[in-house]
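Given the structure of chain A, go ahead and fit chain B onto it with the hints provided.
As they're listed, the protein sequences go chains A and B. Heads up: the first sequence is residues 1 to 249, going by full-length UniProt numbering. Heads up: the second sequence is residues 1 to 333, going by full-length UniProt numbering.
Heads up, some of the hints might be wrong.
Derived pair list, reagent style DMTMM-like, types lysine to aspartate or glutamate, alpha-carbon separation capped at 25 angstroms [stated by the list, open to error]: (1) A:K80 <-> B:E210; (2) B:K207 <-> A:E181; (3) A:K135 <-> A:E67; (4) A:K56 <-> B:E252; (5) B:K207 <-> A:E149; (6) A:K56 <-> A:E67; (7) A:K182 <-> A:D236.
Because the hints were derived from the structure by calculation, they are not lab data.
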Amino acid sequence: MTAPLLETRNLVIRFGGVIAANDVSLTITAGRNLAIIGPNGAGKTTFLNICTGWIKPSSGQVLFEGEDVTPLPPRAIVRKGVARAFQIPQLFTEHTALENLLIAVAARDRLRNPFMDLHRIPERDEMMHLLEMVKCADAAHRPVVELPEGQRKLVDIAVALALRPRLLLMDEPTSGVASSEKHRIMEILVEALAERKVTSVFVEHDMGIVERHAEEVAVWNAGNVQLRGTPREILDHPDVIRDVIGEAV
Amino acid sequence: MTHATEPDKSRQGRPAGGPSMAGTVLPLAGLALLALVPLGAPGMQLLVNLALAKGLAVAGVSVLLRAGQVSFGHALYFAVAAYAGAFLMTALPGADLALVLLAGLLGAVVAGVCVGLFVVRYRGIFFGMLNLAFSMIFWSFLEKFYHITGGADGIRLPRPAVLGMDLDRASFELVLFYLTLTLVLGLGWATIRWLASPAGQIFQTLKTNETRLEYLGVSPRRALLWGYLVSAALCGIGGALMGVTQGVVTPEYAWWIRSGEMVFIAVLGGAGSVRGAFVGALIYELVRTYASAYAGDVWQMLLGGFLLVIILFAPRGVIGMIETLAHRGEARK
Chain A
1 MTAPLLETRN
11 LVIRFGGVIA
21 ANDVSLTITA
31 GRNLAIIGPN
41 GAGKTTFLNI
51 CTGWIKPSSG
61 QVLFEGEDVT
71 PLPPRAIVRK
81 GVARAFQIPQ
91 LFTEHTALEN
101 LLIAVAARDR
111 LRNPFMDLHR
121 IPERDEMMHL
131 LEMVKCADAA
141 HRPVVELPEG
151 QRKLVDIAVA
161 LALRPRLLLM
171 DEPTSGVASS
181 EKHRIMEILV
191 EALAERKVTS
201 VFVEHDMGIV
211 ERHAEEVAVW
221 NAGNVQLRGT
231 PREILDHPDV
241 IRDVIGEAV
Chain B
1 MTHATEPDKS
11 RQGRPAGGPS
21 MAGTVLPLAG
31 LALLALVPLG
41 APGMQLLVNL
51 ALAKGLAVAG
61 VSVLLRAGQV
71 SFGHALYFAV
81 AAYAGAFLMT
91 ALPGADLALV
101 LLAGLLGAVV
111 AGVCVGLFVV
121 RYRGIFFGML
131 NLAFSMIFWS
141 FLEKFYHITG
151 GADGIRLPRP
161 AVLGMDLDRA
171 SFELVLFYLT
181 LTLVLGLGWA
191 TIRWLASPAG
201 QIFQTLKTNE
211 TRLEYLGVSP
221 RRALLWGYLV
231 SAALCGIGGA
241 LMGVTQGVVT
251 PEYAWWIRSG
261 EMVFIAVLGG
271 AGSVRGAFVG
281 ALIYELVRTY
291 ASAYAGDVWQ
301 MLLGGFLLVI
311 ILFAPRGVIG
321 MIETLAHRGE
331 ARK
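Pulled out of the complex, with its shape left as it was, chain A reads as follows:
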């Protein structure tokens, strides 16, 4: 039997009196995009932070492709193939969108030649193509600080993809994006992920997005996975309708 792509075993973390992860055990299978839903404060972002090494759990384990990565810092986990896109885009604001991607490539390939111009690295065309793929080609030469929030989110995801991860963890990929654009952007993302054979886990509050773009859904509540199933099973579940959605999708 092949090991799951990512597995967590009995994760526990407390912030004072708040239990943000309460014995979380979850497996993520390669090739199946998982959506995480749940009320605010349920521990969804904390789960992503633990999986990427940003927060260390009080107890429990995180395994990536069968290897225990719990004690590793985020940079080491990233190097193993786990990338992260953030709710608030984390970009180099004084650099252009293209430069953000080129820096990601430089980091990925550990480019050290002190006399090579960043703009002349061989992957420049590949990164332009990636920006085109996420519909941000027009932003390539603009400093990130000048870009609208929606475009920044896409550049943030493109930076993560530039690392050629096997697993991409995204925190609300469509928040801050105009509602008319959300589905179009998610379609672009899902297509880009499929083309690159990247499995994704994304935290999402828009149930329309979840229904259309996730293959599995995990419902978080009080720091643990309350339910897991296909989007239809989850979105029709009376507990989810009552606690998370408020109305049927």
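Frame of chain A, contents of chain B only:
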């Protein structure tokens, strides 16, 4: 990209294939003009030599500014290198100039590793003040350990040999002048190239987002340490040159005012600009020398006022003003 564009800005608005005014022509014209100083204005040779040596150290401070970090203690590397050269000259009288500079560079880099491993854990004011603390510890060592360092009197450096030859004072100063100019050209170019390289760009991202850097698989501390070593090495070469040029090294090399002066010149020339470091150092030394001769005790006030005007009206410093004017000139063409 704001600063890393030192080479890139020069490409903007340039006729295809031709050298840019601000990026290539003006710096080379400036260096050519400086090369004529021993012939046209020999009285200014020593002044320019000292300014350029200081400019190298300021370039080191400017490198750190690219990563958003200000060091108030980089005189440490200036002094360590100068004293390393002096100790070598004391141990091996008649040692070669190249060896003295190499000892200075080595001393600065070793000190950079020792202090750097500690200070790269901190940012902002803590980074700045810890650097200051280390430089003042070294200053105290230089002042108090008289039997090793010569105390406040410092150490006199006999004139080193040049490629095995013992030169008279005038010839030695001429060689030193052109060597300094060559080092300014070579190290200035290499620093600008490094800043535009992938590793240099990663170093500069420390200014805007360390979280993303960590999530690209890079250790921000290690990235800062590499830049810190580049910075210490530049300061070291500047300090070793200064020591050899002046013929004496004193604890004043590590004094906090020297560190402050470097930051002052870096901002004056253009914060984060390598070219600006040299332009700023030349302006500073010229104003300091002539204003102190003609304006007595008010020269500091003049320099302070000048810096205020720069910060308020030309935040990219003197080099920013020069580049803007050069780009306008190119656009008109």
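Here is what the structure says about each hint:
Between the alpha carbons of K80 (chain A) and E210 (chain B) the distance comes to roughly 19 angstroms, so the proposed pair stays at or under 25 angstroms and holds. Taken as a hint, the K207 (chain B) and E181 (chain A) pair is broken in the structure, with Cα atoms around 32 angstroms apart against an allowance of 25 angstroms. Restraint check: the Cα-Cα separation between K135 (chain A) and E67 (chain A) comes to about 36 angstroms, which exceeds 25 angstroms; the hinted pair is violated. Restraint check for K56 (chain A) and E252 (chain B): the C-alpha separation of about 48 angstroms exceeds 25 angstroms, so the hint is violated.
For the proposed pair K207 (chain B) and E149 (chain A), the alpha carbon gap of about 21 angstroms is at most 25 angstroms, so the pair holds. A threshold of 25 angstroms between alpha carbons decides the hint, and for K56 (chain A) with E67 (chain A) the separation of about 16 angstroms falls inside it, so the pair holds. Proximity of K182 (chain A) to D236 (chain A) is assessed by CA-CA distance (about 22 angstroms); at most 25 angstroms being required, the pair is judged to hold.
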